[in-house]
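In the order they appear, the protein sequences are chains A and B. This note's numbering puts the first sequence at residues 27 to 510. This note's numbering puts the second sequence at residues 3 to 508.
Think of the hints as simulated: they come from the structure by calculation, not from any bench. All residues carry an ideal CB built from backbone N, CA and C; glycine is no exception. Among the hints, a few may not be true.
Result set (DSS-like, lysine-lysine): computed pairs, CA atoms no more than 27 angstroms apart in a straight line [what the hints assert, rightly or not]:
#	chain 1	residue 1	chain 2	residue 2
1	A	Lys178	A	Lys376
2	B	Lys30	B	Lys470
3	B	Lys470	B	Lys385
4	B	Lys179	A	Lys454
5	A	Lys454	B	Lys30
6	B	Lys385	A	Lys384
7	A	Lys125	A	Lys454
8	A	Lys185	A	Lys125
9	A	Lys454	A	Lys376
Rough simulated footprint, nothing fancy, chain B against chain A, three-plus residues with beta-carbon under 8 angstroms [unchecked claim]:
#	segment
10	324-336
11	418-430
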Amino acid sequence: MFTSTMFASILPEILILILGMLVLIVEPFWKEEKRRNVGWLTAGGLLATMVISLLFGQPGQPTATLGGMIRFDWLGFFFKLLFMFAGAATALLLMDNEKVGRRGEAYVLLLASLLGMNLMAVSSNLVMLYLAIETTSIPLYVLAGFMVGDNKSVEAGFKYLLYGVLTSTFMLYGFSLVFGFSGTADLYQLAEMFKVGELSLVAAFAVLALILVGIGFKVSIVPFHFWAPDVYEGAPTPIAGFLSTASKAAGFAVLVRLFFVAFPGRDLASSWTIALAILSAVTMTVGNLLALPQTNIKRLLAFSSVAHAGYVLIGVVAFSKLGAASVVFYLAAYIVTNLLAFGVAMAFSKVTGFEDLKDYAGMSRRNPALALMMLAAFLSLTGMPPFGGFVAKVIVFAAGVQAGYVWLVVVGIINSMIGVYYYLNALKYVYLYRMPNEDEENHPVPLTRPYAIALAILAIGVVLIGVVFAPWFGWSDAAAMNLF
Amino acid sequence: MNFPVLSVITFTPIVAALIILLLPPQRKNEARAVALAAATFALLLSLWVYLQYLTQHMTGYQFVEKYTWLNISPLVISLHFGVDGISAPLVLLTGVVMFTGVLISWGDDNPHVMAGIQDRPREFFAFLFILAWGVLGVFVSLDLFMLFFFYEIAVFPMYLLIVIWGWNVTREYAAMKLTLYLFIGSVVSLVGVLVMYWAHAQNTGVPTFDMIAMEGAGFSVPFQIIWFLPVFLGFAVLGGIWPFHNWSPDGHVAAPTAVSMFHAGVLMKLGAFAALRVGIMLLPEGAKYWSWLIMLFAAIAVVYGAYIAFVQMDFKYMVGFSSVSHMGLVMLGFSTLNREGLLGSGLQMFSHGVMTALFFAVVGMIYDRAHTRQIPELGGMNKVMPFATIGFIIGGLVSMGMPLFSGFIAEFPIFMGVWGRQWLVAVICSISIIITAGYIMRNIRQVFFGELPENLHGHMSDITVLDKVAITTLCLFMVGIGLFPRFMVPMVATGVENILRLLGGQ
Numbered sequence: 027m028f029t030s031t032m033f034a035s036i037l038p039e040i041l042i043l044i045l046g047m048l049v050l051i052v053e054p055f056w057k058e059e060k061r062r063n064v065g066w067l068t069a070g071g072l073l074a075t076m077v078i079s080l081l082f083g084q085p086g087q088p089t090a091t092l093g094g095m096i097r098f099d100w101l102g103f104f105f106k107l108l109f110m111f112a113g114a115a116t117a118l119l120l121m122d123n124e125k126v127g128r129r130g131e132a133y134v135l136l137l138a139s140l141l142g143m144n145l146m147a148v149s150s151n152l153v154m155l156y157l158a159i160e161t162t163s164i165p166l167y168v169l170a171g172f173m174v175g176d177n178k179s180v181e182a183g184f185k186y187l188l189y190g191v192l193t194s195t196f197m198l199y200g201f202s203l204v205f206g207f208s209g210t211a212d213l214y215q216l217a218e219m220f221k222v223g224e225l226s227l228v229a230a231f232a233v234l235a236l237i238l239v240g241i242g243f244k245v246s247i248v249p250f251h252f253w254a255p256d257v258y259e260g261a262p263t264p265i266a267g268f269l270s271t272a273s274k275a276a277g278f279a280v281l282v283r284l285f286f287v288a289f290p291g292r293d294l295a296s297s298w299t300i301a302l303a304i305l306s307a308v309t310m311t312v313g314n315l316l317a318l319p320q321t322n323i324k325r326l327l328a329f330s331s332v333a334h335a336g337y338v339l340i341g342v343v344a345f346s347k348l349g350a351a352s353v354v355f356y357l358a359a360y361i362v363t364n365l366l367a368f369g370v371a372m373a374f375s376k377v378t379g380f381e382d383l384k385d386y387a388g389m390s391r392r393n394p395a396l397a398l399m400m401l402a403a404f405l406s407l408t409g410m411p412p413f414g415g416f417v418a419k420v421i422v423f424a425a426g427v428q429a430g431y432v433w434l435v436v437v438g439i440i441n442s443m444i445g446v447y448y449y450l451n452a453l454k455y456v457y458l459y460r461m462p463n464e465d466e467e468n469h470p471v472p473l474t475r476p477y478a479i480a481l482a483i484l485a486i487g488v489v490l491i492g493v494v495f496a497p498w499f500g501w502s503d504a505a506a507m508n509l510f
Numbered sequence: 003m004n005f006p007v008l009s010v011i012t013f014t015p016i017v018a019a020l021i022i023l024l025l026p027p028q029r030k031n032e033a034r035a036v037a038l039a040a041a042t043f044a045l046l047l048s049l050w051v052y053l054q055y056l057t058q059h060m061t062g063y064q065f066v067e068k069y070t071w072l073n074i075s076p077l078v079i080s081l082h083f084g085v086d087g088i089s090a091p092l093v094l095l096t097g098v099v100m101f102t103g104v105l106i107s108w109g110d111d112n113p114h115v116m117a118g119i120q121d122r123p124r125e126f127f128a129f130l131f132i133l134a135w136g137v138l139g140v141f142v143s144l145d146l147f148m149l150f151f152f153y154e155i156a157v158f159p160m161y162l163l164i165v166i167w168g169w170n171v172t173r174e175y176a177a178m179k180l181t182l183y184l185f186i187g188s189v190v191s192l193v194g195v196l197v198m199y200w201a202h203a204q205n206t207g208v209p210t211f212d213m214i215a216m217e218g219a220g221f222s223v224p225f226q227i228i229w230f231l232p233v234f235l236g237f238a239v240l241g242g243i244w245p246f247h248n249w250s251p252d253g254h255v256a257a258p259t260a261v262s263m264f265h266a267g268v269l270m271k272l273g274a275f276a277a278l279r280v281g282i283m284l285l286p287e288g289a290k291y292w293s294w295l296i297m298l299f300a301a302i303a304v305v306y307g308a309y310i311a312f313v314q315m316d317f318k319y320m321v322g323f324s325s326v327s328h329m330g331l332v333m334l335g336f337s338t339l340n341r342e343g344l345l346g347s348g349l350q351m352f353s354h355g356v357m358t359a360l361f362f363a364v365v366g367m368i369y370d371r372a373h374t375r376q377i378p379e380l381g382g383m384n385k386v387m388p389f390a391t392i393g394f395i396i397g398g399l400v401s402m403g404m405p406l407f408s409g410f411i412a413e414f415p416i417f418m419g420v421w422g423r424q425w426l427v428a429v430i431c432s433i434s435i436i437i438t439a440g441y442i443m444r445n446i447r448q449v450f451f452g453e454l455p456e457n458l459h460g461h462m463s464d465i466t467v468l469d470k471v472a473i474t475t476l477c478l479f480m481v482g483i484g485l486f487p488r489f490m491v492p493m494v495a496t497g498v499e500n501i502l503r504l505l506g507g508q
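Given the sequences, and given the hints that come with them, work out the whole structure.
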């Protein structure tokens with residue numbers, strides 16, 4: 027029987043599917059030079075989907091729908107909104123990418139992976155979860171290697187594919203062991219069995235480790251981060267931005283649901299929180315230290331995104347309502363911030379063709395507005411007010427301190443200090459250095475309309491999250507509520 | 003009090019910064035005009051607040067505004083503004099420095115003079131005002147989260163201001179050093195603040211960042227002893243406390259004139275103020291336990307800073323180290339934890355802020371025209387800029403602690419307080435007064451009197467009218483407080499009463 031709740035629970039996915047079909051149908055009828063307009067269609071369609079979902083698809087009490095495959099709650103819903111926002115921004119940023127922007131397939135693949143992400147956020151069954159993860163990953167493998175003929179892009183695609191397949195087999199093995207031990211693949215039934223003590227904790231811990239390999243790859247925590255810099259550098263920049271934001275957030279959506287819901291209980295939690303705390307400390311430190319010597323902006327952002335995964339983990343480690351809320355809030359702030367950072371890099375390299383930091387010299391004279399947006403993005407990544415990154419970091423740290431992980435928070439703040447160095451160093455190129463032997467006033471960096479719109483929205487978003495943080499935190503809190 | 007005057011003061015700079023950023027880049031004079039209008043507006047309002055507080059004989063926190071900003075258990079953050087006898091003068095100080103800083107940065111059309119900000123003034127004023135926004139926010143915030151929020155806002159524009167418009171020899175090094183020091187200090191305090199937040203929530207069952215509520219948190223004595231040092235020292239880094247003062251002279255020297263004024267005049271007070279408000283007022287038992295250590299650090303800063311200032315050949319470094327010495331006196335006053343010492347510190351924060359802003363302004367005017375700051379290469383400045391000479395001499399007298407000037411009103415109680423606590427420290431620190439007198443008088447003679455060096459003939463010009471307005475404004479406050487201490491002393495005393503109450507009465 028198909029009830030209205032069931033329909034509401036997958037309303038965004040249905041709409042995305044329709045949108046994807048529409049793109050496929052419409053695209054061949056457009057002339058080559060007008061084909062970039064598919065980007066407008068995709069972004070507009072995603073915004074419409076967000077609005078319609080907010081109007082008709084809001085979850086009430088958490089319910090299991092579609093035979094227990096889907097959990098219809100605020101956690102999933104809020105994540106879906108985030109993914110769709112990121113997808114819309116990415117579609118806009120794709121439009122003026124020379125090699126990708128006029129290929130309708132790129133937008134369809136983007137929508138397909140978005141569909142997978144949405145399902146990742148709501149899956150409450152291991153089988154469904156695995157399907158969702160693969161639906162997300164396979165289009166992304168293709169997108170990363172989309173620029174055929176560009177060796178780096180092909181390398182990126184292959185590398186991403188190989189790592190992805192390898193880690194996902196580990197995860198699948200873990201899933202099958204869970205099923206073998208317990209006889210169920212439903213996360214919420216699993217949780218019940220742990221509560222009454224039917225399952226052995228040692229086995230559970232081993233299984234968790236296997237699953238963590240798969241998710242660790244998705245969210246790029248050390249030691250599963252090796253793919254990130256190469257893939258980000260080689261992939262088309264909008265896709266790199268999408269990988270580092272939405273894809274990472276989707277991984278965390280799974281992580282919190284799995285760890286908070288399916289493997290709770292103080293005995294078990296106390297062991298995996300310690301393990302995750304160590305991973306978090308290592309991830310932050312390695313990411314930040316490796317970001318220090320980078321000269322390519324995409325590689326810099328790649329390592330910085332590894333480091334940010336470490337900060338988010340502090341919230342997971344805290345294993346409290348505030349911790350979960352801080353994870354969601356951090357991801358929201360991070361998605362907007364990092365998309366802005368990648369967006370600026372894209373807009374700049376579209377005109378100049380360069381991606382090295384040293385080529386950013388004189389940017390503030392060539393386009394002051396773009397320089398200001400880069401300032402906002404990088405300061406937000408640093409964790410400076412009044413940008414989103416500051417509040418997000420403080421809340422994550424607050425959750426860490428509340429849970430008694432003061433040492434981890436101290437590691438976090440030491441890492442923030444390393445971050446200050448390389449983020450500000452990048453801004454030095456933008457604001458201080460000048461182009462060698464040239465009058466940079468004569469080399470403006472114009473923004474096309476899709477860039478201008480996407481970047482303006484993202485920049486306003488970064489400030490808004492950092493100043494008027496109550497509504498966003500309220501939503502994050504409502505989402506976190508569903509975990510306990 | 004229905005008119006939200008403190009919010010208006012605090013948010014004037016950021017609104018002005020946004021307006022300035024929306025102007026087209028080539029509209030330099032419009033950007034300057036908006037900046038000046040906003041600074042004047044903020045100065046007048048802060049003066050009004052100050053005079054209201056003074057003439058109405060107010061005590062405690064006044065002009066209080068409170069708006070809930072985030073109330074989702076377990077995080078409770080409110081926009082809680084208010085001033086007391088300690089912070090009202092500091093708000094006024096910020097207004098004064100903002101106003102004079104904008105005047106100084108206006109620029110000079112004389113082709114020989116590279117004064118003011120000619121390169122990208124739009125961005126300069128916008129960043130300067132974001133800095134001012136953060137500073138004002140810290141002084142008026144009664145909510146710990148918001149205090150921290152504004153504190154961080156005051157840190158990052160410094161980096162850009164120094165690195166973009168600073169002295170091109172050391173700016174990259176100095177800006178990064180300064181930012182790292184300040185950021186390290188602030189995040190160390192952050193850990194302490196978060197620990198205090200949860201401890202308060204546990205003790206009282208009511209989580210809140212509100213500092214007035216946290217004053218009654220009843221933290222246990224061992225807790226206070228453990229967390230006082232990270233919190234106090236973390237904030238005091240920005241106050242230039244020895245041995246974490248190293249960023250400060252480098253930063254002063256590399257910064258453009260208006261930023262040096264802000265930096266030494268207001269920003270260092272920010273550190274001292276936050277250390278007082280969060281460290282001493284919320285963790286009084288910790289303050290009592292560690293006061294000897296703070297006194298030791300402060301005493302070293304006072305004497306050592308003065309001595310290093312004495313041997314400097316670079317005019318701006320000399321002023322920079324004299325700031326370390328004078329801020330040491332503020333910390334010394336804090337460490338006494340008695341009425342006289344705290345009163346003196348409160349006064350010294352204002353007095354030193356105005357005085358050092360004046361110093362940096364004059365040094366900047368000289369450097370813009372002579373293109374050197376080496377003291378032996380300068381001379382005879384009173385022949386070309388008599389007005390600046392008079393200003394510097396008044397500042398010098400304040401710096402030496404001469405009676406009839408604000409410096410005396412501030413330093414005398416500090417030494418009284420220290421004498422009451424530990425007479426030996428008072429004796430040792432009083433050496434700094436002699437050293438200060440030494441370097442100030444030597445520099446006045448060398449730089450302002452005597453013959454103008456050959457190579458400076460011809461391309462020296464007098465300072466502009468705007469510069470004179472700025473110098474006059476600053477001198478007015480130094481002489482005014484010196485001649486009529488009753489304009490400030492009773493007010494600061496009410497603020498000190500509140501601190502003493504938290505310390506358990508003395």
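Status of each hint after checking the structure:
Proximity of Lys178 of chain A to Lys376 of chain A is assessed by CA-CA distance (about 17 angstroms); at most 27 angstroms being required, the pair is judged to hold. Between Lys30 of chain B and Lys470 of chain B, the direct Cα distance comes to roughly 22 angstroms. Compliance with the 27 angstroms bound is thereby established for this hinted pair. Taken as a hint, the Lys470 of chain B and Lys385 of chain B pair is honoured in the structure, with Cα atoms around 16 angstroms apart against an allowance of 27 angstroms. The straight-line distance between the Cα atoms of Lys179 of chain B and Lys454 of chain A is roughly 14 angstroms, inside the 27 angstroms bound, and the hint therefore holds.
A hinted pair counts as satisfied when its Cα atoms are at most 27 angstroms apart, and Lys454 of chain A with Lys30 of chain B qualifies at roughly 23 angstroms. Distance restraint check for Lys385 of chain B and Lys384 of chain A: the Cα-Cα separation of roughly 47 angstroms exceeds the 27 angstroms cut-off, and the hinted pair is therefore not satisfied. Between Lys125 of chain A and Lys454 of chain A the CA atoms are separated by roughly 31 angstroms; this puts the pair beyond 27 angstroms, and the hint is violated. For a cut-off of 27 angstroms, the pair hint linking Lys185 of chain A to Lys125 of chain A stands: about 20 angstroms separates their Cα positions.
Using a Cα cut-off of 27 angstroms, the hinted pair Lys454 of chain A and Lys376 of chain A holds, with the two alpha carbons roughly 21 angstroms apart. With 0 residues having a beta carbon nearer than 8 angstroms to a beta carbon of chain B, the segment 324-336 of chain A misses the requirement of three or more and the stated coverage is violated. A count of 6 residues in the segment 418-430 of chain A with a Cβ less than 8 angstroms from any Cβ of chain B is obtained; the coverage claim is therefore met, three being the minimum.
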